[in-house]
Amino acid sequence: MLAYLVKRVFQAIAVMFAISLIGFAIQDNLGDPLRELVGQSVSEEVRQQLRDELGLNDSFMTQYIRFLGNVLQGDLGTSYFFKEPALDVILKKLPATLELVAGATLIIIGLSVPLGVYTAIKPNSVLSRIIMGLSIVGISIPVFLTAILMIFVFSVELGWFPSYGRGDVVHVFGYWETNFATADGWVHIMLPSVALASIMLPLFVRLIRAEMMEVLQSEYVKYARAKGIRPYRIYFVHALKNTLLPVITVGGVQIGTMVAYTILTETVFQWPGMGFMFLEAVNRVDTPLIVAYLIVVGFIFVVTNTIVDLIYGLVNPTVNLARMGA
Amino acid sequence: MSLLSVRDLTVKFAMRDNTVTALNQISFDLAKGERLGIVGESGAGKSITGFSLMNLLSRPGYIDSGQILFGGQDITQLSEAEMRKIRGNRMAMIFQDPMVTLNPVLTIGQQMVETLRAHRSLSKAEAEQIAILKLREVYIPSPEERLNQYPHELSGGMRQRIIIAMALLLDPELIIADEPTTALDVTIQADIMELLLELCQSNKVGLILITHDLGVVSQMTERTLVMYAGRLIEAGPTREIINDPQHPYTQGLINALPQQTLPGQRLKQIPGNMPSLTAIPTGCPFSPRCEYAVDHCRKILPEIVRYGQVEVACHEVSRLQNTNFEEASA
Amino acid sequence: MSSLSTNQPTPSRFSRLWNSNMGYSFRRNPVAIVSLAIFLIIAIASTLAPVLAPFDPYDPAQIDIMNSEYPPMWVDGADPQFFLGTDDQGRDLWSTILYGTRLSLLIGLCAVALQAFLGISIGLVAGYVGGRIDSLLMRLADIQLSFSTLMVAIIFLAVTQAMFGSETFNQYAIYFLIAVIGVAEWPQYARTVRATVLAEKKKEYIDSARVLGFGPIRIMVRHILPNSLSPIFVISTVQVANAIISEASLSFLGLGMPPSQPSLGSLISSGFDYIFSGSWWITAIPGVVLVVLVLVINLLGDWMRDVLNPKLYKG
Numbered sequence: 001m002l003a004y005l006v007k008r009v010f011q012a013i014a015v016m017f018a019i020s021l022i023g024f025a026i027q028d029n030l031g032d033p034l035r036e037l038v039g040q041s042v043s044e045e046v047r048q049q050l051r052d053e054l055g056l057n058d059s060f061m062t063q064y065i066r067f068l069g070n071v072l073q074g075d076l077g078t079s080y081f082f083k084e085p086a087l088d089v090i091l092k093k094l095p096a097t098l099e100l101v102a103g104a105t106l107i108i109i110g111l112s113v114p115l116g117v118y119t120a121i122k123p124n125s126v127l128s129r130i131i132m133g134l135s136i137v138g139i140s141i142p143v144f145l146t147a148i149l150m151i152f153v154f155s156v157e158l159g160w161f162p163s164y165g166r167g168d169v170v171h172v173f174g175y176w177e178t179n180f181a182t183a184d185g186w187v188h189i190m191l192p193s194v195a196l197a198s199i200m201l202p203l204f205v206r207l208i209r210a211e212m213m214e215v216l217q218s219e220y221v222k223y224a225r226a227k228g229i230r231p232y233r234i235y236f237v238h239a240l241k242n243t244l245l246p247v248i249t250v251g252g253v254q255i256g257t258m259v260a261y262t263i264l265t266e267t268v269f270q271w272p273g274m275g276f277m278f279l280e281a282v283n284r285v286d287t288p289l290i291v292a293y294l295i296v297v298g299f300i301f302v303v304t305n306t307i308v309d310l311i312y313g314l315v316n317p318t319v320n321l322a323r324m325g326a
Numbered sequence: 001m002s003l004l005s006v007r008d009l010t011v012k013f014a015m016r017d018n019t020v021t022a023l024n025q026i027s028f029d030l031a032k033g034e035r036l037g038i039v040g041e042s043g044a045g046k047s048i049t050g051f052s053l054m055n056l057l058s059r060p061g062y063i064d065s066g067q068i069l070f071g072g073q074d075i076t077q078l079s080e081a082e083m084r085k086i087r088g089n090r091m092a093m094i095f096q097d098p099m100v101t102l103n104p105v106l107t108i109g110q111q112m113v114e115t116l117r118a119h120r121s122l123s124k125a126e127a128e129q130i131a132i133l134k135l136r137e138v139y140i141p142s143p144e145e146r147l148n149q150y151p152h153e154l155s156g157g158m159r160q161r162i163i164i165a166m167a168l169l170l171d172p173e174l175i176i177a178d179e180p181t182t183a184l185d186v187t188i189q190a191d192i193m194e195l196l197l198e199l200c201q202s203n204k205v206g207l208i209l210i211t212h213d214l215g216v217v218s219q220m221t222e223r224t225l226v227m228y229a230g231r232l233i234e235a236g237p238t239r240e241i242i243n244d245p246q247h248p249y250t251q252g253l254i255n256a257l258p259q260q261t262l263p264g265q266r267l268k269q270i271p272g273n274m275p276s277l278t279a280i281p282t283g284c285p286f287s288p289r290c291e292y293a294v295d296h297c298r299k300i301l302p303e304i305v306r307y308g309q310v311e312v313a314c315h316e317v318s319r320l321q322n323t324n325f326e327e328a329s330a
Numbered sequence: 001m002s003s004l005s006t007n008q009p010t011p012s013r014f015s016r017l018w019n020s021n022m023g024y025s026f027r028r029n030p031v032a033i034v035s036l037a038i039f040l041i042i043a044i045a046s047t048l049a050p051v052l053a054p055f056d057p058y059d060p061a062q063i064d065i066m067n068s069e070y071p072p073m074w075v076d077g078a079d080p081q082f083f084l085g086t087d088d089q090g091r092d093l094w095s096t097i098l099y100g101t102r103l104s105l106l107i108g109l110c111a112v113a114l115q116a117f118l119g120i121s122i123g124l125v126a127g128y129v130g131g132r133i134d135s136l137l138m139r140l141a142d143i144q145l146s147f148s149t150l151m152v153a154i155i156f157l158a159v160t161q162a163m164f165g166s167e168t169f170n171q172y173a174i175y176f177l178i179a180v181i182g183v184a185e186w187p188q189y190a191r192t193v194r195a196t197v198l199a200e201k202k203k204e205y206i207d208s209a210r211v212l213g214f215g216p217i218r219i220m221v222r223h224i225l226p227n228s229l230s231p232i233f234v235i236s237t238v239q240v241a242n243a244i245i246s247e248a249s250l251s252f253l254g255l256g257m258p259p260s261q262p263s264l265g266s267l268i269s270s271g272f273d274y275i276f277s278g279s280w281w282i283t284a285i286p287g288v289v290l291v292v293l294v295l296v297i298n299l300l301g302d303w304m305r306d307v308l309n310p311k312l313y314k315g
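Quick mapping for you: the protein sequence lines, in order, are chains A, B and C.
So for the first sequence, UniProt numbering puts the first residue at 1; every next one is plus one.
So for the second sequence, UniProt numbering puts the first residue at 1; every next one is plus one.
So for the third sequence, UniProt numbering puts the first residue at 1; every next one is plus one.
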């Protein structure tokens, strides 16, 4: 168990190193920090002097190690636009994005398991056919189109939901302000979460259905039937647990994908999260903010993947963590 | 009264364009506590017979006609809920490959307890006590610890013992064992068979042993059915069938046994392969491979006829028998 | 008689396909027939865009800003020369959609071709060479898969755009899109191909080919690769659908095709600003085309998966 843990954490650190290297390469090549600092009205001599002082003439390795040292201390540079530490800017936006992801995840988990199980148990029923038909339409509509369609129907035409922003948020602690405390907050987060969930939900329904149908064909399910076990116990104890194991692995990867889709939903709904912020930073060529976003998102990916792998190892009795580390 | 009585059982598989007959009018009886072997090549319909008795055919297979009287009751007419009360309770099944039969994510204890509690109202602790008792009967060392183990922590032989213990949990009247040792190591096959025989005898449980191994049948069973291409071709006391096989196919099977061959000699094989169920020849299904076959055999399907203690479906045998009778009477 | 076999004309490739298992199931599946028909209509119409389109949306001389935001024909206030209306810049929507679909399809197909090329090569090498190289490549595949393609593409394109400036970026956008979508998804192919290689490598005919002195490349391409064709087929269909969605999403974010040379995604994006002022058609019509295109490809993929039933690699 420990060996596996160490191995997994080591791999996570290696990936973070690679990301930091990419981040640094971007910072090194994108934009001129000097111009941001002093503008263009300074003589070449003064420039060179400043470059020396800032260490911009040092070798690539020296500069990278300095960059890495700063990153480890939580210093990801200062945003050109906000004139604030880049990490602070992102951390202020992070709760909005995380709440959006949480809302979508709740919708996905709450619906995909019952729908996937139902369509696997009753593959020929009319309802199953409708669900499967809708699911293939669902995966064929890009997230941003779903979002636009929802705004058009529920905001512009029906006027039931607001089309942009977070509405009334309540301060919890630190930078965290929540949508889930007021009715207005709930109304605002509804459409963006549904839009964000719209492409993952059918994907998960299909995945769970396919896995479940395979498990229902297995010898141990047949054997359970031969023992006279009740159908609901076969479905929900024998089959579901075996179905969800592979789903966990895929789910971990999909959480990462969801962060990418927040950029799309946040853009359409002008949701003040870090995805929306990132696109603005790109338009303003705010290099430190772009690099900081890269590192924070990379960190989220690596951490969720590592945690999911460990959870999988813990939940699945046939995975011998001790042996996997060897 | 017999425990089990199968009458003209016909099983079909609905394919895309046509239906395939996998079992064709099978009839046999099993007395209480009797041990019966079903022999044949793979694809002859042995396993399908086993699953039909449990009413567990999976789609696209279905029982087309015939009766399965179990304790006098036709179980083909039972509802799924009524049938569930029989499965695992009065009639238990042992599957082929113990490596894939047990659910990998449930402990041995959970899988034994759920079987008991599916049929009896017992507390978890009571059920566990029975489980431990049964595990001890199949010579599982330290059974208390096994209850908390997952299948993958145990060897194949150990798992098959546990599955035998599970079959005995509710003291069934009949156990159907479908090639219970084929997936196991050769060295432990004999142990498992011996255990199964011992438990069936001591508990007076009826056994249907499905196998392709005539040697096993001769040691384990009192009566034997030989199947070929979905049909019953010979049936009778095991001793008769082994010592004096009537049907040319049964003769071929016995000649192919290593014990029947002198050292250094090649094993005698039956030429050709069993026809696939979608292309069964007219007449006797064995005729294309049969050395005695005459035109008659290729045109007309032989009925199964009783001669003394055995029943055989073969034109040649009936001709020989008849001449014997005629000679005797002359 | 030996001449009998030569008398019969060898069936054409098409008739063999038509009479195969796949052809049979296709003829009996109305969803597959309709999907293929719609896909072919869209593909042919968009390929023939220069012939079919009444206007050239890339030619500034044919665009008049005074014509902007005309609704489609069936809505009041339409101009009859613009069958589907016009967009915010006064371009004929029908022509722009034809050209845009052509771009979306082109990018999708090229990106998947690149994915397949990379993935198949890497998968063959990993499976055939084995050992350390195999475990290194598969580790890389794991890591690559754990990052969402869209995320990687967004960051890559954002940085490229910031680095080169919009002007240069827009000029080469199509190549950047193909490259980034093509590179990010190689593990899908690599894993499946590797699994086939590992399964086939054990078989005797590979040994005999090796004994006969065939080189590893010949063995891989001529003997092993044909065995992985059906999973490659199924993966490719789904991947084309995904690539088209990815391209549309990137273009929607302004990280793909520029408004002057719009793909379906950029067209939807430019229309989004006008949705509140009532000009829904600039968004809706290209949106419907995009969804129908992706949907029919996905439906064909589903049908193909059912028929070929390949062993797909599961993570």
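In case anyone wonders, no lab produced these hints; they're calculated from the structure.
Be a bit skeptical, because a hint or two may be false.
[Claimed, not checked] Quick list of in silico lysine-lysine cross-link-like pairs, DSBU-like style, CA-CA up to 35 angstroms:
1) A:K222 - B:K32
2) B:K268 - A:K241
3) A:K7 - A:K92
4) B:K124 - B:K85
5) C:K203 - A:K222
6) B:K299 - B:K268
7) A:K222 - C:K202
8) C:K203 - A:K122
9) A:K7 - C:K201
10) C:K203 - B:K268
11) B:K299 - B:K32
12) B:K85 - B:K32
13) B:K124 - A:K122
14) A:K7 - C:K202
15) B:K204 - B:K85
16) C:K201 - A:K222
17) A:K222 - B:K299
18) A:K241 - B:K299
19) A:K222 - A:K122
20) A:K122 - B:K85
21) A:K241 - B:K32
22) C:K202 - B:K268
23) A:K222 - B:K124
For each hint, the structure was consulted:
1. A threshold of 35 angstroms between alpha carbons decides the hint, and for K222 (chain A) with K32 (chain B) the separation of about 26 angstroms falls inside it, so the pair holds.
2. Of the supplied pair hints, the one linking K268 (chain B) and K241 (chain A) is violated, its CA atoms being roughly 50 angstroms apart against a limit of 35 angstroms.
3. For the suggested pair K7 (chain A) and K92 (chain A), the alpha carbons sit about 33 angstroms apart, so the restraint of at most 35 angstroms is met.
4. The suggested pairing of K124 (chain B) with K85 (chain B) holds, with an alpha-carbon distance near 19 angstroms, which does not exceed 35 angstroms.
5. Under the criterion of a C-alpha separation no larger than 35 angstroms, the hint pairing K203 (chain C) with K222 (chain A) is consistent with the structure, at around 32 angstroms.
6. Of the supplied pair hints, the one linking K299 (chain B) and K268 (chain B) holds, its CA atoms being roughly 28 angstroms apart against a limit of 35 angstroms.
7. Distance hint between K222 (chain A) and K202 (chain C) is fulfilled; the C-alpha atoms sit about 32 angstroms from each other, no more than 35 angstroms.
8. The hinted pair formed by K203 (chain C) and K122 (chain A) fails the criterion: a straight-line CA distance of about 40 angstroms is larger than 35 angstroms.
9. Taken as a hint, the K7 (chain A) and K201 (chain C) pair is honoured in the structure, with Cα atoms around 30 angstroms apart against an allowance of 35 angstroms.
10. A threshold of 35 angstroms between alpha carbons decides the hint, and for K203 (chain C) with K268 (chain B) the separation of about 29 angstroms falls inside it, so the pair holds.
11. About 39 angstroms separates the Cα atoms of K299 (chain B) and K32 (chain B), which puts this hinted pair outside 35 angstroms; it is violated.
12. Taking the CA atoms of K85 (chain B) and K32 (chain B), the gap is near 20 angstroms; set against the 35 angstroms cutoff, the hint holds.
13. For a cut-off of 35 angstroms, the pair hint linking K124 (chain B) to K122 (chain A) stands: about 32 angstroms separates their Cα positions.
14. For the hint pairing K7 (chain A) with K202 (chain C), the CA-to-CA distance comes to about 31 angstroms; that is within 35 angstroms, so the pair holds.
15. This hinted pair checks out: K204 (chain B) and K85 (chain B) have alpha carbons roughly 21 angstroms apart, not beyond 35 angstroms.
16. The suggested pairing of K201 (chain C) with K222 (chain A) holds, with an alpha-carbon distance near 34 angstroms, which does not exceed 35 angstroms.
17. A C-alpha spacing of about 40 angstroms is found between K222 (chain A) and K299 (chain B), which places the hinted pair above 35 angstroms, so the restraint is violated.
18. Restraint check: the Cα-Cα separation between K241 (chain A) and K299 (chain B) comes to about 55 angstroms, which exceeds 35 angstroms; the hinted pair is violated.
19. Among the hinted pairs, K222 (chain A) with K122 (chain A) is consistent with the structure: their alpha-carbon atoms are about 17 angstroms apart, no more than 35 angstroms.
20. Simply put, K122 (chain A) and K85 (chain B) have alpha-carbon atoms about 23 angstroms apart, close enough for the 35 angstroms limit, and the pair holds.
21. For the hint pairing K241 (chain A) with K32 (chain B), the CA-to-CA distance comes to about 40 angstroms; that exceeds 35 angstroms, so the pair is violated.
22. For the hint pairing K202 (chain C) with K268 (chain B), the CA-to-CA distance comes to about 31 angstroms; that is within 35 angstroms, so the pair holds.
23. Distance check on the hinted pair: K222 (chain A) and K124 (chain B) sit about 24 angstroms apart at the alpha-carbon level, within 35 angstroms; holds.
Violation of the numbered hints given earlier is confined to hints 2, 8, 11, 17, 18, 21; the remaining hints are satisfied by the structure.
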